[in-house]
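Keeping their order, the protein sequence lines are chains A and B. Quick note, the first sequence lines up with residues 1 to 275 if you use this note's numbering. Quick note, the second sequence lines up with residues 1001 to 1251 if you use this note's numbering.
Simulated from the structure, these hints should not be mistaken for lab results. Fair warning: there could be bad hints in the mix.
The list that follows gives simulated cross-link-like pairs (lysine-lysine, BS3-like), each with its CA atoms no further than 25 Å apart [what the hints assert, rightly or not]: (1) A:LYS39 <-> A:LYS59; (2) A:LYS258 <-> A:LYS189; (3) A:LYS163 <-> A:LYS120; (4) A:LYS120 <-> A:LYS42; (5) B:LYS1051 <-> A:LYS258; (6) B:LYS1065 <-> B:LYS1055; (7) A:LYS47 <-> A:LYS120; (8) A:LYS200 <-> B:LYS1185; (9) A:LYS200 <-> B:LYS1090; (10) B:LYS1170 <-> A:LYS200; (11) A:LYS59 <-> A:LYS151; (12) B:LYS1087 <-> B:LYS1060.
Residues from chain B that face chain A, not an exhaustive set, calculated with beta carbons under 10 Å [claimed, not checked]: (13) GLY1050; (14) ILE1052; (15) PHE1088; (16) LYS1090; (17) GLU1091; (18) TYR1093; (19) LEU1131; (20) SER1133; (21) ASP1142; (22) THR1143; (23) GLY1144; (24) CYS1147; (25) ALA1150; (26) LEU1177.
We put the CB at the ideal spot given by N, CA and C, even for glycine.
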Amino acid sequence: MTPMDFLQGLSEMEIIGGLTVLSLVLGAIIMALGIIAAKIAKLIFFKYYAPTLPQDTAKNFGKIIYFGIIAISFFIFTSVQGLDFSGLLVAGGIFAVVIGFATQSVVSNLISGIFLMIEKPAKHGDTIQIPDMGISGTLLDIGTFSSRIRKFDGTVIRIPNEKFFTSNIRSLTDSTVRRAEAMVGIAYKDDIENAISVIKNEIQLTMPFVLRIPEPEFRVEELGDSSVDIQVLVWHPRDDWSQAQPHLLTTIKRALDKSGIEIPFPQRVVWDAKD
Amino acid sequence: MSEETPQSNFSKYGLYTVNEHLELTLPDTLIKFERIGENAFSYFRQDSEGKIIEKMIPSKSNELKIELTPIRPLNYPARRTGYVFLKFDKEIYLSQNSAASIFVHCPIEIGIFLIHDSEPESLDWITCNPLNSRFGLYGPPDTGTLCRYAEVSLATDFSDSIPYVEGVMKIVIENDLESGQTVSKVIFPITDNSLYYEDSKSILDGIKVTLKKRAVVSIADVQTDTVSTDWIKSPTWEDSTSNTSMEMGLE
């Protein structure tokens, strides 16, 4: 038996609806070549072009190139074989509706992922906060179905894209500087101007990451039950939150202690009716 | 030159050779090099805040060459920007279509370089004025420029530098506008300004500020202006950026 006879034999072995073993083999070869071409194209893209693009964009382009080439291979295969999917489409109509309902959330996540990639509310490496979920951390990536955030405790949390897309996203790295805040109460007997002055001096001396311009701001927020409450607001470079916010109250207390200004504890004067 | 002060007891800028032991003293700062082996030296530095840094330096040769020089004030408390915000202690008024040249003090830091095959390599840096090494913001919080901030006084001439703390910079201001202008601050990328030293004094490349109109907006265009001097040029501590000019809005 010659190879031609062998191929002739394969072309005559019909499996179903005109689909022969030979066309199936050809299809497999076309698809295999398509996958190899897709992998090579993806590899070339990541080696030469991806380094110049943002990480998220590069990943998404990589996926589009890979699956695009595979899809083109599939269309080549079907057109070469002259396969007609119209019957399959009609037959699969009901099946598609069932699948559609079953995969509603998956499709929703996929669509949300596409919109997230277009809108780009945050990019890889940004520090973000999702107040609705109580999540803060560094955005690792926005994937096809979900996004991943590395929380400040080191753990990685996966958020379905649908939830991520519909949540409020607070970017902590979009601004040049950020503001740290603290509230402190001083006794009614103490001078407010003096308290503000000593706190300001201590901040300027001991907190190098606090900006000189804009200056630290002080607001008398409330004449409370036990104390005069002063809000202290200072600005710092956006990446140096850890050098400002956690130290602010310590610095304020140290300043007040040095100057003998009292931070009163909650107190209530009870009058006896007989008095 | 200004009169000699007690600061003249401090080590001068320049090249040093370490054979066995070398001690450099700067205001509130002590630097020590010591031989710890046939081809190894130790480096010790204690700064004004009591912070100690120790390093071991293997060396091919029997001696170590180092250079102590003034560098740009961009490293303390952390390297976050290439811009400097100089706030003048006295405002400068310029009449319409006039120009002026002034000398101002500009903060500096001090770099310690290892000379390896005639090439300086950065080993360490210090600031002798940590309490006044702070950041400032020019512009709004979301789009503004983070700068190294300094309140500076006018200097008489290039010899008026404050050793180890402030160098002198020449600023040429041109007012091309049809009205008088008051200048109280200048913001510029300092990464293109070189520093030069002699003994314990330092000067920096200057800047030229042109107040002019662009369309209907008045702006201050700031460009680097290289100084001509026979003082020794400091090696570059940090990577320079591509920013060599700055445009400020006028208030």
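Cut-off 10 Å, beta-carbon criterion: hint that CYS1147 of chain B touches chain A: holds, 8 Å
Given hint LYS120 of chain A paired with LYS163 of chain A - CA-CA distance at most 25 Å: holds, 15 Å
Status of the hint placing ASP1142 of chain B at chain A (closest C-beta pair under 10 Å): holds, 4 Å
Hint check: 10 Å Cβ-Cβ cutoff, GLU1091 of chain B to chain A: violated, 16 Å
GLY1050 of chain B as chain A interface residue, shortest Cβ-Cβ below 10 Å: Hint violated; GLY1050 of chain B Cβ to chain A Cβ min 13 Å, cut 10 Å.
Given hint LYS1055 of chain B paired with LYS1065 of chain B - CA-CA distance at most 25 Å: This hinted pair holds, its Cα atoms lying about 16 Å apart.
Interface hint for PHE1088 of chain B, Cβ within 10 Å of any Cβ on chain A: violated, 14 Å
Proposed proximity, LYS189 of chain A with LYS258 of chain A (alpha carbon, max 25 Å): Roughly 17 Å separates the two Cα atoms, so the pair holds.
Hinted pair LYS200 of chain A and LYS1185 of chain B, Cα distance within 25 Å: Roughly 23 Å separates the two Cα atoms, so the pair holds.
Pair hint LYS47 of chain A and LYS120 of chain A, alpha-carbon separation not exceeding 25 Å: Satisfied, since the Cα-Cα distance of roughly 24 Å is no more than 25 Å.
Status of the GLY1144 of chain B interface restraint (C-beta, 10 Å, chain A): holds, 5 Å
Status of the LEU1177 of chain B interface restraint (C-beta, 10 Å, chain A): Cβ of LEU1177 of chain B sits 25 Å from chain A, so the hint is violated.
The structure shown violates the earlier hints numbered 10, 12, 13, 14, 15, 16, 17, 18 and 26.
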